[in-house]
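K.L.:
Each chain, written out:
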Amino acid sequence: MLVLEEVHKTYHMGETEVHALRGVDLTIEDESFVVVMGPSGSGKSTLMHLVGCLDTPTKGHVIYDGADLGALSSRQRANYRADQVGFVFQKFNLVGTLTALENVELPLLLQDAPAGVARDKAAHALESVGLKSRMKHRPSKLSGGEQQRVAIARALVNEPRWILADEPTGNLDTTTGEYILGLLEGFVGEDRSVMLVTHNPEIAKIADVLVEICDGQIESLTKKSVKQVVTS
Amino acid sequence: MKLNLWKLAANNIRSRRTRSWLTILGVLIGVTAVVALMSIGSGVEQAVLQQFEDIGYDILIVTPTGDEGSSIAATRNAMMAGMGTEMRGSMRPATEMDTETSGGIFDPSAIGQSSDSQGTGEDSTVAGQMPFAFSAENVDPERLVSMVPDVVQAGNYTTAVMGVEGPGASGFLRVSTPSASFLQDFPSFLGGWKLADGSGFTDVGINQVVVGARSADNLGVNVGDALIIRDERFVVSGILAPSGVAEEGVESAGEPQTGLARSGNTVLTGGRSTTILTGLTNTDDALFVLEERAAELWDDLGVATTIVRVAQGADIDASRNSIETAMSAVGTGVSVISVAEMAGSIQSTLGLIETVLACIAAVALLVGAVGLMNTMYTAVLERRQEIGILKAVGATDGQVLTLFLIDSGLMGLVGGVLGLGIGAVLSFVGARFVGPMLGVTTFSPLFSAGLIFGVLAFSFILGGISGAWPAWRGSRLNPVEALASE
Ligand SMILES: Nc1ncnc2c1ncn2[C@@H]1O[C@H](COP(=O)(O)OP(=O)(O)OP(=O)(O)O)[C@@H](O)[C@H]1O
Ligand SMILES: [Mg+2]
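Quick note, the sequences are listed as chains D and L, same order. Number 99 in the working numbering belongs to position 68 of the first sequence; there are no gaps in the numbering. Number 303 in the working numbering belongs to position 282 of the second sequence; there are no gaps in the numbering.
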């Protein structure tokens, strides 16, 4: 279970302060397909980063399965990112000097997995996103959709409990985007959740939890299972 | 995991090929400098010390100073400073020799020599510059042996520059006059007295001359040929094998001396080292006439240098004092210097030169290290996004740090390995040129295991250290900010 308590995030840009998040309270059950929507600059990415332990809140707590992520050491946060979450970004973020297969192996090898095991798992993950024939290609030799599929393979190769996808279809055409979203939706299941930032209202319809966020605050929270709309 | 980081680091080096190679080149130049200079330095030192060892550390060189003892220190200083004018044999006109007195060549075999006064007024200038060439009385070797218990052997040796006419050329050459017993007792002092041809001195009754290898070449003589030395006719009874001591810029008659070789000589060695080590064993440019014979022909041979061998295990310093005291008691002021002392002095000079060379090399290496640091700093800036990615997929700060350390260490190591190879080649090539300049032809650079492994380990560590600060900065990047950078 993921709990956010009164979470604030403030960025300092010289003299000015940017309040990216101002008091977010949120509780999300396991095995959820969470969709986060909101206008540009509303704090969606910031929220993702806090949940994924890429950053720490300025105030408040992000609690995952009872553990306060803000209290973890740098090393523990790295381990959390390695074990619990997989990121998918809008701009793919693959390592350009590595092949598709090597990119997918990376999280495993950073975790000291034996080379052979890592290779097999990575190949399997690439196969599951339909890229069996592109394993030896560098990112620059792949289309945008293919790159994003590599990124998804990399995100799920460690069998994380969360996939955090920040506008994964933002740089893709509609058809490719739909394929990608299908992959992510299919990931949700036994002890596996997805948090997806998107501007696509169609996706919002199939979300278990729809978080609408504006100006750093949650505007509305829709939980499908309980069919209940909380409006602030 | 470690293996994967190595692969990733190697990947990064490869993907920035040109810059990586330029960086490696910087390290390589530094390492090359270190390897070449150090191996040549220790090679030269070893070769030089070998020469002294060949002569023997039980040898003392005794020079009469003329007036009793008062100028001992001055004389010794003069000897050590190489103030003795360069008096080696020369196939050039004497006037040219005069212009060359700045070389500071110290030549023990030239100690106590008198110049050839026959018809060469120019030479008197040279003689005048010898602080110990006046009115000194020869040491009687037998008496010295009997007076000082530690002295087991002693022999006299005179050197004079004389006009020599050969079949091929004529000029002024150094003529040394060892006695028959000197040849027996101190062959090491004459480069081992190895005859390449002929039988040496066979008869004290006739005019025989043994000719140094290069002199023989220059004069164009073979065994059995005749030579005119100071108007006396001599028969060449032997030609010495080349001493292995390099030519000190002595050319055949008429060939002009190149200023370059001369200045190179002085600059590289500071004068002193060259001179002692060439002087002690350089028989190549000299002619040898038995003292017994020379004494009958000429009565102006000048003051003899007395070479003394002390008993095995005797204290060299004590022996030196005893000799000085004993000789002073009989009214002959002498200056005594030991081969060990010379070696020590040379060694400290060479040590200084080696230190200077090492410093130069260190500067080169430092420049390489700064270049490496610069490259790593740029690399960290450029790879911010990659750092962000690595952190997002679970890399710890330590792993990111290690990645960059390996990266820079690897470049350092590659630079080290290549530098070691190129430095080795360079030092062997360099030895060909440096050896002759230093007066040692039989010299090769010295590669100790310490140097090799030291250089390799050092260059890897240097790479690591140079990369440490950039790597640390990279590892501390906030992943979100790192990802946001292009
Ligand atoms: N590193 C940062 N330094 C300063 N300000 C930042 C930083 N990251 C985000 N912000 C600011 O915080 C606010 C929220 O940013 P965030 O990226 O979370 O928005 P977003 O909802 O993801 O927008 P978009 O839809 O454009 O991606 C914005 O005003 C942004 O300018
Ligand atoms: Mg965003």
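For the record, the hints were derived by calculation from the structure and aren't laboratory data. Check the hints yourself; a few may be wrong.
As the list claims (entries may be wrong) - Subject to a maximum C-alpha distance of 20 Å in a straight line, what follows is the list of computed PhoX-like cross-link-like pairs (lysine-lysine):
hint	chain 1	residue 1	chain 2	residue 2
1	L	K28	D	K152
2	L	K28	D	K167
3	D	K236	D	K254
4	D	K236	D	K255
5	D	K152	D	K163
6	D	K122	D	K172
Remember, it's a predicted structure, so these values are computed and weren't measured experimentally.
K.L.:
Against each hint, give a clear statement of whether it holds in the structure.
P.N.:
Hint-by-hint comparison with the structure:
no.	hint	result
1	L:K28 to D:K152	19 Å, holds
2	L:K28 to D:K167	16 Å, holds
3	D:K236 to D:K254	11 Å, holds
4	D:K236 to D:K255	9 Å, holds
5	D:K152 to D:K163	12 Å, holds
6	D:K122 to D:K172	15 Å, holds
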